[in-house]
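A.B. asks: Sequences and hints are given; from them, build the entire structure.
Residue numbers (this note's numbering), protein chains in the order written: chain C, 1 to 351; chain Z, 1001 to 1351.
Please keep in mind that the hints were generated in silico from the structure rather than gathered at the bench. Here a beta-carbon is modelled for each residue, glycine too, at the ideal position from N, C-alpha and C. Hints are not guaranteed to be accurate.
As the list claims (entries may be wrong) - Computed Cβ-Cβ distance ranges for the label pairs, DEER-style:
| # | chain 1 | residue 1 | chain 2 | residue 2 | range |
| --- | --- | --- | --- | --- | --- |
| 1 | Z | R1111 | C | D262 | 18 to 24 Å |
| 2 | Z | E1060 | C | R334 | 52 to 58 Å |
| 3 | C | R334 | Z | L1351 | 29 to 35 Å |
Claimed, not checked - To be clear about the criterion: a stretch of chain Z counts as covered by chain C if any three or more of its residues have a C-beta under 8 Å from a C-beta of chain C, and this derived list gives those stretches:
| # | segment |
| --- | --- |
| 4 | 1152 to 1163 |
| 5 | 1203 to 1214 |
| 6 | 1249 to 1261 |
| 7 | 1267 to 1278 |
| 8 | 1329 to 1343 |
What the hints assert, rightly or not - Below, simulated SDA-like cross-link-like pairs (lysine to any residue); rule was C-alpha separation at most 25 Å, straight line:
| # | chain 1 | residue 1 | chain 2 | residue 2 |
| --- | --- | --- | --- | --- |
| 9 | C | K143 | Z | E1157 |
| 10 | C | K143 | Z | R1146 |
| 11 | Z | K1270 | C | K210 |
| 12 | C | K270 | Z | E1249 |
| 13 | C | K210 | Z | G1142 |
| 14 | Z | K1210 | C | A277 |
| 15 | C | K80 | C | E60 |
| 16 | Z | K1210 | C | S225 |
| 17 | Z | K1270 | C | V274 |
| 18 | C | K210 | Z | A1277 |
| 19 | C | K143 | Z | N1259 |
| 20 | Z | K1210 | C | R146 |
| 21 | Z | K1270 | C | E280 |
| 22 | C | K210 | Z | G1226 |
| 23 | C | K210 | Z | E1157 |
| 24 | C | K143 | Z | L1207 |
| 25 | C | K270 | Z | D1255 |
| 26 | C | K143 | Z | R1158 |
| 27 | C | K210 | Z | K1143 |
| 28 | Z | K1143 | C | D255 |
| 29 | C | K270 | Z | G1142 |
| 30 | Z | K1143 | C | R206 |
| 31 | Z | K1270 | C | A250 |
| 32 | C | K143 | Z | D1255 |
Listed below, chain by chain, are the residues.
Protein chains: 2
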Amino acid sequence: MAEKVKLASIGLGRWARVLARGARRGTVIELASCFSRSPESRAKFQEEYGVPRAASSLDELLSDPEIEGVLVTTPNDSHKSVILECLDAGKAVYTDKPIAHTMEDAGEIARAAAASGRPFAVGHSARRLGGHRAMKQWIDTGKIGRVSLAEANFSNERGLELTTDTWRWFADKSPGGALIQLGVHHADNLQYLLGPAAAVSSHARRLYTKSEVPDAIMSILEFDSGPLGYLGTGWASPGVYQLRLQGTEANLFYDLDFNNWDDSHLADSKSTLVSQAYRESVRPPVDMPHTDMFREQLDEFALAIRGEAEIEVGALEAIRALAVVHAALESSQRNGESVEVGPMVERAGAL
Amino acid sequence: MAEKVKLASIGLGRWARVLARGARRGTVIELASCFSRSPESRAKFQEEYGVPRAASSLDELLSDPEIEGVLVTTPNDSHKSVILECLDAGKAVYTDKPIAHTMEDAGEIARAAAASGRPFAVGHSARRLGGHRAMKQWIDTGKIGRVSLAEANFSNERGLELTTDTWRWFADKSPGGALIQLGVHHADNLQYLLGPAAAVSSHARRLYTKSEVPDAIMSILEFDSGPLGYLGTGWASPGVYQLRLQGTEANLFYDLDFNNWDDSHLADSKSTLVSQAYRESVRPPVDMPHTDMFREQLDEFALAIRGEAEIEVGALEAIRALAVVHAALESSQRNGESVEVGPMVERAGAL
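C.D. replies: And the structure:
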């Protein structure tokens, strides 16, 4: 590529830093500008990541003709207004997951992205982990046989640390707590592996967090393709990231050391994926492609701006993941009764 | 003990053999007689386990004054009639899990056992595994902190092998398939660890088995004590036996090599129990007591006959485990809506 793709970071918290480091590991992206409301945050981010300029308003950033695309990591409930402004200014948009906090906002974003004709990507990066790529291959080639049960868990201690200073404390900004922040990754992973979820049964509890949102959520997913899926998410324990598949030919067990979550170039080397055959006690490691999920998704986004790549996770995939979250939350209000995912997707409106 | 406790095996299939080997590893029990309908089975069992005599009818076995107790491993739907006869004859009774296939039969058995005043034990042996004993200790001492999520899975390939020759094929004899045969163990384990389950949400699928019963069942348990529990059971994959706990201070991961299930003296050495602390990537092994679940439960039963031990898992614990199974099956008929365990226990009648 003759020239790097010039992107700007919007929202300069912890996740903007993780993405900036991911982009820096590649050769495609130049972080050319940044914006957050706090001048101190802007200065610090510029210094840390060698970003040549900072905008003092979103308008200023968006009127910069050099900026081809933006990386949005603002709070979930601000995604719609920020993303719509960015698309309106002709910028391509990458946004952190979930696409939005509500189905309605997600629908508006999806329609605006489609209308703009600009690349739009959502950070459901986890499906890119080497372990999940290998699992998908075992399913597609039939090596695992036919899958009956899929179990996933993504948990950490965030719920115990939340304060009223953070938007994640509040139910109207982050409905579902651990489920919408962590579980939504597996809502995408499981559908990536097994196809669309048809319905979800769920129970949610606010056990040990002082915040307004649940810190223990368990859901059962019914897949159109047949299997049942379990999605566990907690916010009150040491970090867990696991996914297991049980097939008629083999089982696969994936376990990632959550301590390395932010450093996605290390994730595969800090993960184990083993297979289990009938009557074998030894569970041999499974070959995984080497991946760097944050770098790869950002490179893909940047290359898509140049017409040299296709976006793997766009609005539709992100809406399907969010619909599982909201179906789960509705089910948890209905005593666990199954809630269909299809009508929840439709709540986003015409896509 | 001056003299060994004389027991007799009733039902001489695979499980009678597993128990016979368990009893033989101890020094308390003498298998003095046996009965099944087939003369060939009786002769073979006598020869294999050095059993001095065999009865040609249940009546004949029960009229043998030397026999102090019986080990019942007949099909689940015959438990009630066999056990009631045995109790009526004044014999102490150990029965394989589940206590019965229905709540009503379970209640009748429980009342008959209480009325008889004889020791009555149910083979929910798995809670005796060293790993589960250690988990219980971590909960009781507070070392794990407060538990939010508990996940359990017990699966194997049995559903793929079933034929109409076996009672497990039929929904009226083995309702719930993998759930009542395998999952019922974890229904006991989880309640042993976390106290009574209040309600269960469940989905059951008949995916790959040709039999009448489900081979994929996922349930969410709501515990009176607060945590949520997941219970996965499958009958269409290589064998899985796992239990995980997530606490505010630590996580515990237990994984048993199912290939050794029958040889309970080896189970602990074929299991791993590791703990996970915050921000630690190394998961150190947890000290487990050495156990031999089948031997221990049989020794306990035999010693209880002599007044030298107390039964750990009697009718009440077994009924609570079975009630989780039936609440799950009812929930699966009601689209996952939570079904309370208490009223299901009451279906067994006054206990």
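A.B. asks: Could you run down the list of hints and mark each one as holding or not?
C.D. replies: Hint check results:
1. Restraint check, R1111(Z) to D262(C): a C-beta distance of roughly 60 Å breaks the suggested window 18 to 24 Å.
2. Checked against the hint of 52 to 58 Å, the C-beta distance between E1060(Z) and R334(C) comes to roughly 57 Å, which is consistent with it.
3. Range check, R334(C) to L1351(Z): about 32 Å between beta-carbon atoms, so the 29 to 35 Å window is met.
4. Figure legend: the segment 1152 to 1163 of chain Z, annotated as covered by chain C; annotation consistent (4 residues with Cβ-Cβ distances under 8 Å, at least 3 required).
5. Here's how the segment 1203 to 1214 of chain Z fares: 4 of its residues keep a CB closer than 8 Å to some CB of chain C, so the rule of at least three is met and the hint holds.
6. Residue count for the segment 1249 to 1261 of chain Z with a Cβ under 8 Å from a Cβ of chain C: 5. That meets the three needed, and the coverage hint holds.
7. Using a Cβ-Cβ cut-off of 8 Å, 4 residues of the segment 1267 to 1278 of chain Z lie near chain C, which meets the minimum of three, so the contact claim holds.
8. Look at the segment 1329 to 1343 of chain Z against chain C: 6 of its residues bring a Cβ nearer than 8 Å to a Cβ of that chain, three or more, so the hint holds.
9. Distance restraint check for K143(C) and E1157(Z): the Cα-Cα separation of roughly 16 Å lies within the 25 Å cut-off, and the hinted pair is therefore satisfied.
10. Using a Cα cut-off of 25 Å, the hinted pair K143(C) and R1146(Z) is violated, with the two alpha carbons roughly 40 Å apart.
11. Of the pairs offered as hints, the one joining K1270(Z) and K210(C) is violated, with about 41 Å between alpha carbons and a cut-off of 25 Å exceeded.
12. As the CA atoms of K270(C) and E1249(Z) are separated by approximately 22 Å, the hinted pair is consistent with the 25 Å bound.
13. Annotation: proposed proximity of K210(C) to G1142(Z) holds, straight-line Cα distance about 20 Å (limit 25 Å).
14. Restraint check: the Cα-Cα separation between K1210(Z) and A277(C) comes to about 22 Å, which is no more than 25 Å; the hinted pair holds.
15. At roughly 19 Å between alpha-carbon atoms, K80(C) and E60(C) fall within 25 Å of each other, so this suggested pair holds.
16. Restraint check: the Cα-Cα separation between K1210(Z) and S225(C) comes to about 18 Å, which is no more than 25 Å; the hinted pair holds.
17. Between the alpha carbons of K1270(Z) and V274(C) the distance comes to roughly 17 Å, so the proposed pair stays at or under 25 Å and holds.
18. Distance check on the hinted pair: K210(C) and A1277(Z) sit about 22 Å apart at the alpha-carbon level, within 25 Å; holds.
19. A hinted pair counts as satisfied when its Cα atoms are at most 25 Å apart, and K143(C) with N1259(Z) qualifies at roughly 21 Å.
20. Between K1210(Z) and R146(C) the alpha-carbon distance is near 14 Å, which keeps this suggested pair within the 25 Å criterion.
21. In summary, the hint linking K1270(Z) to E280(C) is supported, as the alpha carbons are separated by about 12 Å, within the 25 Å threshold.
22. A hinted pair counts as satisfied when its Cα atoms are at most 25 Å apart, and K210(C) with G1226(Z) qualifies at roughly 15 Å.
23. Among the hinted pairs, K210(C) with E1157(Z) is inconsistent with the structure: their alpha-carbon atoms are about 44 Å apart, more than 25 Å.
24. Straight-line distance between C-alpha atoms of K143(C) and L1207(Z) comes to about 18 Å, which keeps the hinted pair within the 25 Å bound.
25. The straight-line distance between the Cα atoms of K270(C) and D1255(Z) is roughly 20 Å, inside the 25 Å bound, and the hint therefore holds.
26. A threshold of 25 Å between alpha carbons decides the hint, and for K143(C) with R1158(Z) the separation of about 20 Å falls inside it, so the pair holds.
27. For the given pair, K210(C) sits about 22 Å from K1143(Z) by alpha-carbon distance, which is consistent with the 25 Å threshold.
28. About 23 Å separates the Cα atoms of K1143(Z) and D255(C), which keeps this hinted pair within 25 Å; it holds.
29. With a C-alpha separation of about 30 Å, the suggested pair K270(C) and G1142(Z) falls outside the 25 Å cut-off, and the hint is violated.
30. Restraint check: the Cα-Cα separation between K1143(Z) and R206(C) comes to about 21 Å, which is no more than 25 Å; the hinted pair holds.
31. Distance check on the hinted pair: K1270(Z) and A250(C) sit about 20 Å apart at the alpha-carbon level, within 25 Å; holds.
32. For a cut-off of 25 Å, the pair hint linking K143(C) to D1255(Z) stands: about 23 Å separates their Cα positions.
In this structure, the hints that do not hold are numbers 1, 10, 11, 23 and 29, in rising order.
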